[in-house]
Amino acid sequence: MFLWVAIVMGIIEGITEFLPVSSTGHLIVAGHMLDFTGDKAKTFEIVIQLGSILAVVVLYWNRLWSLLGVGKMAKKENSLNLGHIFIAIMPAVIIGLLVHDFIKAHLFSPKTVIVGLVIGGFLMLIAEKVQNKKGVNASDLDDMTYKQALKIGLFQCLSLWPGFSRSGATISGGLISGLNHRTAADFSFIQAVPIMIAASGLDLYKSRDILSAADLPFFLTGFVTAFLVAAVAILFFVKLIAKVKLTPFAYYRFIIAAVLAVFFYL
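Heads up: the sequence shown runs through residues -1 to 264, numbered per the working numbering.
Keep in mind that the hints were calculated from the coordinates and are not lab data.
Treat the hints loosely; a few may be bogus.
Claimed, not checked - Pairs of lysine-lysine residues, derived as PhoX-like cross-links and limited to a Cα-Cα distance of at most 20 Å, are as follows:
1. Lys132 to Lys149
2. Lys38 to Lys102
3. Lys131 to Lys149
4. Lys204 to Lys40
5. Lys243 to Lys132
6. Lys243 to Lys131
To be verified - For each label pair, taking beta carbons as the anchor points, the in silico distance ranges come out as:
7. Lys131 to Ala256: 25 to 35 Å
8. Tyr203 to Lys132: 41 to 51 Å
9. Gly36 to Ile5: 16 to 26 Å
10. Thr143 to Asn60: 14 to 24 Å
11. Thr245 to Asp138: 21 to 31 Å
12. Val55 to Arg180: 17 to 27 Å
13. Asp99 to Leu238: 31 to 41 Å
14. Ala196 to Asp138: 19 to 29 Å
15. Phe252 to Thr143: 30 to 40 Å
16. Asp140 to Val260: 40 to 50 Å
17. Tyr203 to Tyr250: 30 to 40 Å
18. Leu80 to Leu209: 26 to 36 Å
19. Leu209 to Lys131: 45 to 55 Å
20. Asp33 to Leu80: 38 to 48 Å
For clarity, every value in this text was computed on a predicted model and none was experimentally measured.
No residue lacks a Cβ here, since even glycine has one placed at the ideal position from N, Cα and C.
Using the sequences provided together with the hints, build the complete structure.
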């Protein structure tokens, strides 16, 4: 396993994990083009995903501490708290535990990813229209209600389908629930931390038997690369989405779905 492969995969993961474009679809294409597939490749994807999660922890450090009642942000009345996070992640956690093995065994294929990309793209277009029609009633994380957190959590369940995109589903759910684009993106990233750590940790534990000390340089390179790139991508995205909305990302998803269809089936 060459280190440049780890760097390339780490860059792709870092860019796409928190953008509503499906990191799964991009990693599938990249893995096949680089001839990097199989069980070890799947485990590597879990490791670099943890690198991306670490970027969120670093960038949203103060806000994450405030959830525990620590810091200036926690002193605001009716501020975002652990209750919002718990309500948002529980639907996907419950359903994910019930269907995790089925998804891993049957849904990780180019065909299912293509379907997820397309349907997720249409959801994003619909979310933009709904928000334009209903307007915004939460322009800051501290304006969010528990009901809005629950709606976003229900939309997050759609991301259990490979290719649908967790951020695409949750940001769309946020817009439909009345959040503005920046707030929807911020909440999507913050509530991703516990659910992604839990999911990645479970996958990594189940894959422990195929890892060895010799894999450490390769995996560490991908982890660090994903962390650094994800940090830049998040900072760029939260500024960009307020200006361009979700529509360009939806059309980009359609393009990627077409590329996957040609690559695997023509």
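How the hints compare with the structure:
| no. | hint | in the structure |
| --- | --- | --- |
| 1 | Lys132 to Lys149 | 15 Å, holds |
| 2 | Lys38 to Lys102 | 15 Å, holds |
| 3 | Lys131 to Lys149 | 18 Å, holds |
| 4 | Lys204 to Lys40 | 11 Å, holds |
| 5 | Lys243 to Lys132 | 16 Å, holds |
| 6 | Lys243 to Lys131 | 15 Å, holds |
| 7 | Lys131 to Ala256: 25 to 35 Å | 29 Å, holds |
| 8 | Tyr203 to Lys132: 41 to 51 Å | 42 Å, holds |
| 9 | Gly36 to Ile5: 16 to 26 Å | 19 Å, holds |
| 10 | Thr143 to Asn60: 14 to 24 Å | 22 Å, holds |
| 11 | Thr245 to Asp138: 21 to 31 Å | 23 Å, holds |
| 12 | Val55 to Arg180: 17 to 27 Å | 19 Å, holds |
| 13 | Asp99 to Leu238: 31 to 41 Å | 37 Å, holds |
| 14 | Ala196 to Asp138: 19 to 29 Å | 27 Å, holds |
| 15 | Phe252 to Thr143: 30 to 40 Å | 33 Å, holds |
| 16 | Asp140 to Val260: 40 to 50 Å | 46 Å, holds |
| 17 | Tyr203 to Tyr250: 30 to 40 Å | 34 Å, holds |
| 18 | Leu80 to Leu209: 26 to 36 Å | 33 Å, holds |
| 19 | Leu209 to Lys131: 45 to 55 Å | 50 Å, holds |
| 20 | Asp33 to Leu80: 38 to 48 Å | 44 Å, holds |
When each numbered hint is compared with the structure, no violation occurs for any of them.
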